[in-house]
Amino acid sequence: MAESQNETTYWKSLNELAQNREYQKFVEREFPEDATEMTDQVSRRSFLRVMGASIALAGFASCRKPMQKVIPYTKQPEDLIIGVPNYYATSMPFQDTVTGLVVENNEGRPTKVEGNEAHPASGGRTSIYHQASVLEMYDPDRSRSPRLNGQKSDMAQFEAFAAEHFSDTGRSILVLSESNSSPTYRRLKDRFARRFRNSTWITYEAFGEYNVLEGSRIAFGSKLRPVMHFDKADRVVSFGDDFMNPAEHKNSVENAGKITARRKVRSTEDDMSRVYVIESNYSVTGGYADHRIRLKRSEIEAFMGAVAAALSGQLRGLSAYSGVQNAFTDHEWVQKIAADLLENRSNSLLTAGRDLSPEAHATVAAMNAALGAIGTTVTYHRVPHLDDEAGPEGLKSATDAMRNGEYDTVVLVGGNPAFTAPSDLNFSEALRGAGTTIHLSNYVDETSRACSWHVNRAHYLESWGDGLSYTGIASVIQPQILPLFDGVSEIEFLHILTNGVKGNGHDLVKETWRSQVSAPFERSWEKVLHDGLSEGDGFPAANVRLTGNFQSSVSGFGQDKKLGMEIVIKADPKLFDGRFANIGWLMELPDPMTKITWDNVALMSPATARKLGIRDTRKFNSDAVPVVTITTETGSLDIPAWPEPGHADDSITLYTGYGRTQTGRVADGVGVNVYPLRTTEALDYQPGTVVNAGRTYDVACVQDHHSLEGRDMIRTATLDEYRKKPDFATYKSVHGYEVPGIKEAKAEGDDKGPISLFTETYGSDDQPQWGMAIDLNACFGCGVCTIACQAENNIPVIGKREVARRRIMHWIRTDRYYEGDEDNPTVYHQPVPCMHCELAPCEQVCPVAATVHSEDGMNQMTYNRCIGTRYCANNCPFKVRRFNFFNYAKEYLTTGDDPEIIQMAMNPDVTVRFRGVMEKCTYCVQRVNRAKSASRLATGSRKPVDGAVQTACQQACPANAISFGDLTDRQSKVAQDKMNERNYVMLEELNVRPRTSYLAKLTHPNG
Amino acid sequence: MSKTYEYVPEPALVKGNHDFGSITRLVTDINLRPTPKAWYIVFGISNLLLFVLLASIGYLIWQGTGIWGLNSTVNWGWAIINFVWWVGIGHAGTLISAILFLFRQNWRTAINRFAEAMTIFAVMCAGIFPAIHVGRIWVIYWVFPVPNSMAMWPNFNSPLLWDVFAISTYLTVSFLFWYVGLVPDFATLRDRIKSKFGKIAYGIAALGWRGSNRHWWNYEKAYMILAGLATPLVLSVHTIVSFDFAVSVIPGWHTTIFPPYFVAGAVFSGFAMVLTLMIIVRKIYGLEEIMTDDHIEKMNIIILVTGSMVGFAYLMEFFIAWYGQVEYEKAIFILRATGPYAWAYWIMITCNVLSPQFFWSKKLRRHVGFTFFISIVVNIGMWFERFVITVTSLSTDFLPSSWGYYSPTMWDMLTYLGTFGLFGTFFLLFLRFLPMIAVAELKGAMPQADPHNYNDEGEYAPHEEIIPEPKRSY
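From first to last, the protein sequence lines stand for chains A and B. Take the first sequence: its letter number 701 is residue 715 in the working numbering, and every next letter is one higher. Take the second sequence: its letter number 180 is residue 186 in the working numbering, and every next letter is one higher.
Keep in mind the hints are simulated off the structure, nothing from the lab. Yeah, the Cβ is synthetic: ideal placement off N, Cα and C, and Gly gets one too. Be a bit skeptical, because a hint or two may be false.
[Claimed, not checked] Calculated cross-link-like contacts (lysine-lysine; reagent style DSS-like; alpha-carbon spacing at most 27 angstroms):
1. A:K746 x B:K336
2. A:K766 x A:K992
3. A:K246 x A:K738
4. A:K633 x B:K336
5. A:K757 x B:K336
6. A:K246 x A:K350
7. B:K449 x B:K205
8. A:K746 x A:K987
9. A:K1015 x A:K987
[Stated by the list, open to error] To list a few chain B residues with every Cβ distance to chain A over 10 angstroms, as calculated:
10. G22
11. N37
12. P42
13. F57
14. W113
15. I134
16. V186
17. R198
18. K200
19. G204
20. R220
21. P265
22. W328
23. G375
24. G430
25. G464
With the hints as extra help, turn the sequences into a complete structure.
Dropping the structure here:
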């Protein structure tokens, strides 16, 4: 059935390959090079692999016309060698920030994004959103044409309509835009406002930083954005700020990079900062903290008030809080934190979560100011484009006006307010009441369906644009490909509205930048495009002083709030407000803390679960979890309950973004939409009731057991313990005795491990020996390594049913263990790729020798040879092998009406695996071999210099936790890491001699 | 007449007043009579199950191994359990025919043909599983050392490869042994059958057997040699099957006790299966005088012995886990008894260790109905033993993060059920067309075959004291 279809496509591509003269040339040119290597079977096999890759390329190249437009192969472009990817700088907009990226482009197809090292918001690192944006662009469910009243239309018709409709400049127009920092966008916005005098412009984000800005306005008199310099902070106190989570903080990559850098320990001389996190749900930042204080969301501000009160006696500027008396005044940790802050004063950094009240942000600002931290660990910056953002109140008044028929035209630039707007606004109903409504969006989503016009939007990888980073560094967004579905970017869209024709995005951006960069313009412009950012320091730091009436503004802050059961609504760590809901990679990424895929749940503490009469742990042998009914003033919903150790009691955390109905094949029908509970009055949390609904629901969680069982996979010590006993992580220190067999091995001159039956040694002198070290002190569990690996290695998305069967295909997973008290346990994250064991147990049991060792010390998987006995996976002590139980790749790559689209996202250097074969982490062998041959061509040595080859997981990691390189180079980062006394391998007693090792975790607790 | 016995004499192997002719008729008339209706019904059911097997395999090959309940933690499930289970069952035949032959246990002649047939069909059922459980069955021939242009040989380090050789050798030798034993009986059938087609078919199978002295001489030598060849195989097959587990690094698998433990378990389950089938067959075909209660008792004694050996092995596993002080090994055994699969473990203990203990009672081990019940219980228990070994060890191995529960799907169950169809189909064909008792061998073990039991005139005059009824238990 489907099998034969696949065959047809394959041969069709081959025929096309044969008929295409360009490819004939290409094939002829490629052959002789490899043919010279054909001296033995091994080389012949690698030759076949090269040929296989070129066939795959040919198949891709014949897919889509737009590619031919980007790179016309009638004449070979100057800087393009087929088979060698090009890298272009661009940046990804997210809310009103951009992050600098470098995109790998294979013959006109962007296939992988990396961070731009020169860009401060990235530093070469990325978040899951950046990594997954490639798949978003190739999402076949994206809108492909404008639609008029639900009927397919085209761009010319829309342009004609806009020219006619907007020729009347007296129209009353409401523009509802998502947050955007683009200078070009703002230029066009101003032009629009000048042209349409009766227009109102409202910017709205479901999860914006309104309270942060409002807080600084209360404290300092103007809206300012705090920028945190964690690299300079010795003490960090976060009041509900999950600043390492991209859904909770726009600058999470930089934050994570800086705080982990400050906590990197190379030797006993090094110091670490100390992190306190006060929060309700267990966040990745909370997991990374040295002390996590578990409070209900509604109690955090009282706790903060108590800290301010405790500081007020010692510090000037906090007199407003001296009278604060609440339940936390005598709390042990209030006193400890206050004392610790007073010891470190200007080296402290306080921060508050985005959703906390403006008064809380004002209080944090005042405490930072009083400690003298402003200017050293935290700086405040005016962000011009946020000055006129109205926030939820603005949206409310605009919606009311819309409902009253005050606008004859409503233009929605991006966003999906029909889904994300507070439920009390009844936004979609109000929208239906407006006259002409136009929505620009990536998907035909809830808002599009409520509008008369939908205009399909171009993805950032397809369009020109620009934007400012969190700290104000300007970057240009360069398209990597012509729009796959002929969409328009937001600037082109605005141009249509004002001028009636789609402008040229490139020209519009360039025009803006003429005034931004120094002369000569073309040269500077080229440099900006090349570097991915313009020179400059970004937003200047403001000189701040508490306002005179500060005391009265925050009076009453810090009072106890008694709420009973509270319902907290947060942006999903993976789908954010729902905008990433149709990206399979994100949907299938296990949640960093719960390890749940393909669903949202009601997080609660085990004690609360018991109170509700449901199990406080999940059954090991069942996916079924109880469902609870949550009722608030505005509505009620049924959602599966998930007892999460460490969650605050009497508090429920819900994540947004799920429960879509008409967005796309991935998003639809997954999870529960919790926006109906979110109102203008209760954007953050509200009281509610929770009852057991008496039924169950199957949740696909990739980790069923959460305790370490006292095993030594994770080794940890406090900083003090480490200084006293630097080798605390060795097997001997952990167990009290040497690994059995180690003395016998040493007697025989083998210093690599216990005595072994096997005498193979790997590695000739002219080959590098690859190894990896993962610093558990840096890893905070975000999961970007998994997505980066998935993008690099063509790993399929397999869907909830298969994940529930525990068949997830990820080559690198992050294990999460809880340890200690169920109420507030310690959390450990451990990324686990293939260990590339030197004495690999998988290799010994394969009956057909499909998994073997390479000369450069990698455990390789030969897909073509694999017959799929799965013995290797059974015998892998680390369970890192993944089996294609079904033809996942085919299902992933050939479903839908035009499967060629998603095929274009594949990395041509990596084989797509078929049914019935085993696969696993390869240490990115394609990158390794590319670097090896480049090095051999350039220097004659097969050993690339350190840093020349980075694995995908290593490259993406914002915490810089992974080092990879040649172990024969004693100076390489990885060799240095492995010489560190904290270095250990898992399951040393098995004597499999893993090449992947871990650096033990350190904490820096108070007292 | 008084005499002091130096040994307790064997009770008569064949009850009733049978002579050579009546034995021949008793056994071969089954093949010569018209096919009974009941046979067609049972055969039809078996065919249906066989179809279930073929359909399940077809769907498996069409869809992929994913239709089974396997996952990334437990990569082997029912397929491997069934494989080991069927191979274990296939142990009894060769043990009965080869080892008991070498030990001159003449009582084996009543059941050896029957048990050997069971062995062959059980090994066939077993062999299906390793073949179909692979991801890409269309390249399964890569496990054979077939010379090829890539100069790729299989990995001779892999126990799975040893399996390939062990199982195929065992099947070949078992079949040859069975066939050689059949030759004189084929000749008997050839001589007795009326239909022409039957004569030709049995005639070809009889390889020209005329019962000459020379034929008998060659036959007995060949039989002896094959028995000698088969004897080590009885031990090696399950030893090598156990290596699939023992050679790995997985806690609960990586133990040196596995070879003897597996062999004992295999004999245990094999005898149980022989009993199950024998009790039905002797009833239906009225062969109680050949397959007597004495046979049942003897086999029950073997079940008691091997069952206790298996129980001892279970105990030793725990002892060594504690004595060895390997963290993961200890954990896996505690989890077996108390963890998520404790139900399977206690089913196994109940069926395999406790149930055979009833056979300490002579009354129970001579009780046909009770024996039948226990034989089924033992087979269930031995299936669960393989389940416990295969699944629990994988499901909770080294890294707690990877622990996962395995449960089978409908297709796992249907495939297993289907193998009973395959087994039943072949076994019914065997019952219908081949003499289910080795007539020639049985006659050789009868008192009539002893020349001392004839008087000078050549008339049959057995010494009375040679065939006394048993007077006391031994």
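Structure versus earlier hints, numbers of those that do not hold, lowest first:
none
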